[in-house]
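Engineer: For this one, chain A is given, so just place chain B on it according to the hints.
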Amino acid sequence: MLGYQNKVLRIDLNNKANSTEPLNMEWARQYIGGKGLGIKYLFEELKPGTDPFSPENKLIFMAAPLTGTTVPCSGKLAIISRSPATGTILDCSIGGHIASEIKFAGYDAVIIEGAVDTPSYIYIEDEKVEILSAHELWGKGSHETETTLLHRYGKDCKILSIGPAGENLIPMACINSDYYRQAGRGGIGAVMGSKNIKAIVVKGNGNVKVANMKETLGFINHMMHENTLTDDNLWAYTDGTAMIVEMSQTTGILPTRNFQDGAFQSYKNIDSEAMKKVRAGKKGCGSCALGCGNFTKIGETVVEGPEYETIALCASNCDIGDLEALVQFNSLCDDLGLDTISTGNTTAFAMELTEKGIKDFGLSFGDIDAYLKVPEMIAKKQGIGAELALGTRELAKRYGGSDFAMQVKGLEFPGYEPRGSWGMGLAYATSDRGACHMRAWPVAQEAYGDVDPFTTEGKAAMVIELQNYNAVKFSSIICDFWALDLEVLSQVLNAVTGEKFTVEELDRIGERVVSIGRLFNQREGFTSKDDTLPNRIFNDALKSGATAGKKIPKEDFEKMLVQYYTIRGWNEDGTIGQEKLAELQLIEAKTAMEEA
Amino acid sequence: MKTKITLMGPLNKYFNGTKTKKITLSSHATIEDLLKKIGLPREYVSIVAVNGAKVSLDDSLQNEDEVVIYPPVSGG
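Quick note, the sequences are listed as chains A and B, same order. Counting from 646, one number per residue, gives the positions in the first sequence under the numbering used here. Counting from 550, one number per residue, gives the positions in the second sequence under the numbering used here.
Isolated chain A (complex conformation) (with noise of 0.2 angstroms):
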């Protein structure tokens, strides 16, 4: 298949050494690339029960065929390890120009194996691979430390940094590149700081073949003009995701005081309104048609966004209606190298500790001082950061709470109130890697949509065709915010790789991919006991809004779990069937895994 370089790249830090292999193209065949072929690398070379900071654990950087192409949307990065904050399979999406970069230096995936004993950077330009000294760049910053390898090596390369928060294990550590970008969740800038592998610096010469060149651009062109450029996606260029915070609000899904209610008093002061007052400029992902990215400057701070997810969970969520504060609290964690979901999160969980006497953490919601001074001190595990850094499923189990540590299986809720959105709730629970929106947003038809968010009906179906969906779109990458469906995907695919994807075998690829991460969750111990939320949602009900009075009744949460195990073919207990297996082609898979 042609857009592969048909080449991997592994390095071998134990012993400071580097080969190349071809890509395994069975497996390309079977799972695209990204996410898909990045957990089927780590399913069939980790060893269960490895400890995701030991040198054994794997860092995977996946590209997939239309990475490096000028596809629409195509410029992200699927980055794969075994997550520090859950043990479940962890793979994370970064935008901004590495993934290109990777495929112009010849390499559809870079492996990390072991681990170096003092702080190093790799720098890759094409066949060269050098491990070199980071002496200087370790506790810096990671802007600090893409500026610095920049005027090193030049503006062409590309880099992938940790801040602090990596460097110190921290379980919401994240890996940043283009200074603004991240791959955020679930600790994987922390697996990247235990091989005290501080950057990464590539630089690509070469390009990338497509096997029909003439039917690709006119794909292209059409798909500018006709599709990826028309309203349904054009909300990204305009408004960014501050846009979600009106949706959100409106419909009573805002986070607010950690998950005690879903809509903000103060919403207005960090709206879409709010951050167009103070936008200072535009920033788009290689080979992007989207441009979703915009800079927002308050004082002397200049952040990229605030995101969506970071306004609910670090805003609203903290009770902290002030855009300045939100500003320097999101500019704080990306410089640190903190996933700012967890970080907002686990924030206003200690809050609410504090609030309850619970446990003195010095913090309470609206307060701004305390709350600004969280992310250094989580990063650098100085005071109250030591234990907030645990995150709130480890806090919870020290001090009590657990009904209102918003978390699933350790990682915790991103922007939406599930109790306004019950198959959200649903996806949360049933994530491959802890509650999380991106494998599933049944919000869009739920809460934003016409279905009815509050009923158990159909829910199972919705979020399953979303996560088979969502599996496949980023293994082929395109990122998140064009909304293809499968047939546009399987024309762009075939274009670029010659092959003969059709829609069936994309949904059946989507539904391998979601497996092959089920079944490394199952070898790794999780049963469908993981597959829950916490308390909250099911007794305690919002209290004001469109979603005053709401809550998800167990009985239901449990009953739309039940409808998805059935629908996807798997047992009574989450496992998934042996004739599910033989269908998926996983059965070679499943069998290792039971004679590990």
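Please keep in mind that the hints were generated in silico from the structure rather than gathered at the bench. C-beta atoms are modelled at their ideal positions from N, C-alpha and C, and glycine is treated no differently.
On the chain B side, residues computed to face chain A include the following (Cβ under 10 angstroms): (1) M557; (2) P559; (3) I596; (4) A598; (5) P620.
Structural biologist: Quick look at chain B alone, frame taken from chain A:
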């Protein structure tokens, strides 16, 4: 009756770049009638909010209502 209509995001192209306009409608006009009047296709609408509350397309409008119309958003 007089209503104040705000079109969010790229939808303001249906108001030639202006975000908010006052529109006069016949009494008992529905949201659907409003969309037809401003030439905004149904498929480009996700949430319609009247005075801050989400409504459905066959809901009727009242005098002085403030309407906000959102485009569909993908992703999250």
